[in-house]
Structures are given as structure tokens and as C-alpha cells.
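K.L.:
Those protein sequence lines, which keep their order, are chains A and B.
Position one of the first sequence corresponds to residue 1 (our numbering), numbered consecutively onward.
Position one of the second sequence corresponds to residue 1 (our numbering), numbered consecutively onward.
Simulated from the structure, these hints should not be mistaken for lab results.
Some hints here could point you the wrong way.
As the list claims (entries may be wrong) - Covered by chain B, per the in silico footprint, the following chain A stretches (three or more residues, Cβ under 8 Å):
hint, segment
1, 57–65
2, 72–81
Claimed, not checked - Cβ pair distances, simulated, as ranges:
hint, chain 1, residue 1, chain 2, residue 2, range
3, A, GLU74, B, LEU131, 53 to 61 Å
4, B, ASP78, A, LYS69, 28 to 36 Å
5, B, GLU150, A, ARG62, 50 to 58 Å
6, B, ALA147, A, ALA85, 35 to 43 Å
7, A, ASN86, B, ASP78, 45 to 53 Å
8, B, HIS79, A, ALA85, 34 to 42 Å
9, B, ALA43, A, SER21, 16 to 24 Å
10, B, ASP78, A, GLU74, 44 to 52 Å
11, B, LYS65, A, ALA83, 32 to 40 Å
12, B, VAL69, A, LYS69, 20 to 28 Å
13, B, MET48, A, GLU47, 29 to 37 Å
Note that the coordinates shown come from a computational prediction; the quantities given were computed from them, not determined experimentally.
Where a beta carbon is used, it is the ideal one built from N, C-alpha and C, also for glycine.
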Amino acid sequence: MVLAQGERHGYAIMKQVEIDSGGRVKMGPGTLYGSLKRMLEAGLVQESDRRDPEDERRVYYRITAAGQKALDAELQRYREVVALANRTPRLHGEAYAT
Amino acid sequence: MRRDERHRARFARLIRLYPQEFRDQFASAMEQTFADMYADRQASGRSMRTFLAMTYLDTSIGVVKEHIVNGMRARPADHPRLAAVSGTLLLLPFVGLNLVVVHRIEPIFSLIRRGTHTGPLEYILLVVSLLALPFGAAIALAPVLPAIRERRKIPLLNTTVAALLVAVFVPLAVGFGEEVVRCDLLQIKGCD
């Protein structure tokens, strides 16, 4: 989701995840690069050609078309779950009629 | 050595524990990320100890996870020794079953044989453990065929394990098959 906002390097992804989640999700390098590896293998993200002039080791990643499609599908699924919850009286905070 | 350099060196050593392929792809980026995190944390004036503990823990979990993922993806053909060991391990169910039956090891013996004759559960276990033998031989042989095709040195250990498993399987399967035909299909009296 972070990469849908634009290309980012590892640390920038970590910081953006923390900001977007209101500080609830804090990733370490092990979690981040493990996830990136799996997303790269699945073709959801790819390395960008962009390099940081300050440090060549900073690799930028960007979302692919397949990644964007998967993200859209996942967001749609979440919307449907929320819509279903809103239609369900008990989950919506209303008592069942007896 | 300065404290931050010492921590970076320690993190770099931890990264060396990742599988080779993962290291080749991400090691330098991870070191850079750690350096960025370290500098930010230091500038914030918050506890470095908590930061370091959490980062090392997260990375250590990552190391274990990547090795597990790699192990699950490993093809026998790429790891001759692992294939030979896996093939040999498939001999164990048959050996175990025979030990239980011959030495009447309780309570397993009573579980699989309820009465004086071979019961259905014992038959199933026998067939499964027998079929595990050619399966084990196939696993052990998996690295041999690519080696022949690519004209590399044939792994002797794998060939030996496969030959051993086939040598155990063939007479047993023939004997077992013959007994099933005589005793169960033809029901010849006193065939046991």
C-alpha cells in the first residue's frame, strides 16, 4: 500500500508504514526485507532504477501493474467485508429484534 | 571502534546468518536501513537499548524464517546429501513396524494387532511402510539423473541408498504379495 503512493527505499517504507498505521505497526529490517523478497518473487513489486546519490546501497522499490491489481482486489475485499458488517445489525451495534 | 560502528558491525554479522541468496539480494540494503534507523533513533534521544533489542530480535526471527522458507523450497536434486538422508529416513517406518511386530512392543502391538492374525490396521501400515521404500529410493535418486544428464560426478551415496532401499523392497513386496494371494485371495488353509 505504501508503494502505491510512490517509489521508496527500505527505511522510507518502514517509516511510511508507521505513519500510515498511526504508530501501531513498526517493522524491523527482518520483517521488511522478508516481505519485500516475497513480493518481488510474486511480481507485485520491483526494484526501481532510481539510486540515491548519497548512498548507492539504498535500493528503491516500486509497485508493478500486477501489484496494483492485487492491491485493488484486496481493498475491494475489505470494502465488501465492511459493507457486510454494516448490514449486520449485531455487528453494527444494533440489538436483534426479538 | 566507536559505539555506532560496533553496533553496525554486530548487525552485519547477524545478516551473515541469512541464506546466501537472501544475503546477495538484500544484505547491503539492510545494512543501510539499519544505519538510517540507528541515526534517526540516536537523534530522537530515545532508548537505544530497546531499539537494538527489538531490531536484533526482528532480524533473528527473519533469519530463522528465511532458512525455513528455503528448506521448504529445497529440491532434492539440488541437495544430494539431504536427498540421501531423506531417502534413508523413509526406511524407518518399515523398520519400526517390524520391531513392534517381532518384539511385540506394547502398547503399539495391541493397537495394530487385535487378535492372533494380522489386522486391517497392520495391513495398512505394512503397505504404507513398504511403499515408502521405493518412494525413498526415488528421492535419493533425484540428484543422480541430473548429474548423469549434465555429465557431472554421480553422487555415490545416493546411488547406494537407492540400491539398498530397492534391495529391501523387492523381496519383501514379492513375499507380501504372495502371502496376500495365498492367504487372503485363495484362502489356502495353514498358509501362515
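K.L.:
Run every hint past the structure and note whether it holds.
P.N.:
Verification of the hints:
1. 57–65: Result for this restraint: holds, n = 3.
2. 72–81: violated (count 0)
3. GLU74/A x LEU131/B: 53 to 61 Å: 42 Å, violated
4. ASP78/B x LYS69/A: 28 to 36 Å: 33 Å, holds
5. GLU150/B x ARG62/A: 50 to 58 Å: This hint is violated: roughly 38 Å between Cβ atoms.
6. ALA147/B x ALA85/A: 35 to 43 Å: 58 Å, violated
7. ASN86/A x ASP78/B: 45 to 53 Å: Cβ of ASN86/A to Cβ of ASP78/B: about 51 Å, so the range 45 to 53 Å holds.
8. HIS79/B x ALA85/A: 34 to 42 Å: Taking Cβ atoms as reference, HIS79/B and ALA85/A lie about 48 Å apart, which means the hint is violated.
9. ALA43/B x SER21/A: 16 to 24 Å: 22 Å, holds
10. ASP78/B x GLU74/A: 44 to 52 Å: 34 Å, violated
11. LYS65/B x ALA83/A: 32 to 40 Å: Cβ of LYS65/B to Cβ of ALA83/A: about 35 Å, so the range 32 to 40 Å holds.
12. VAL69/B x LYS69/A: 20 to 28 Å: 25 Å, holds
13. MET48/B x GLU47/A: 29 to 37 Å: 31 Å, holds
Checked against the numbered hints given earlier, this structure breaks hints 2, 3, 5, 6, 8, 10; the rest are met.
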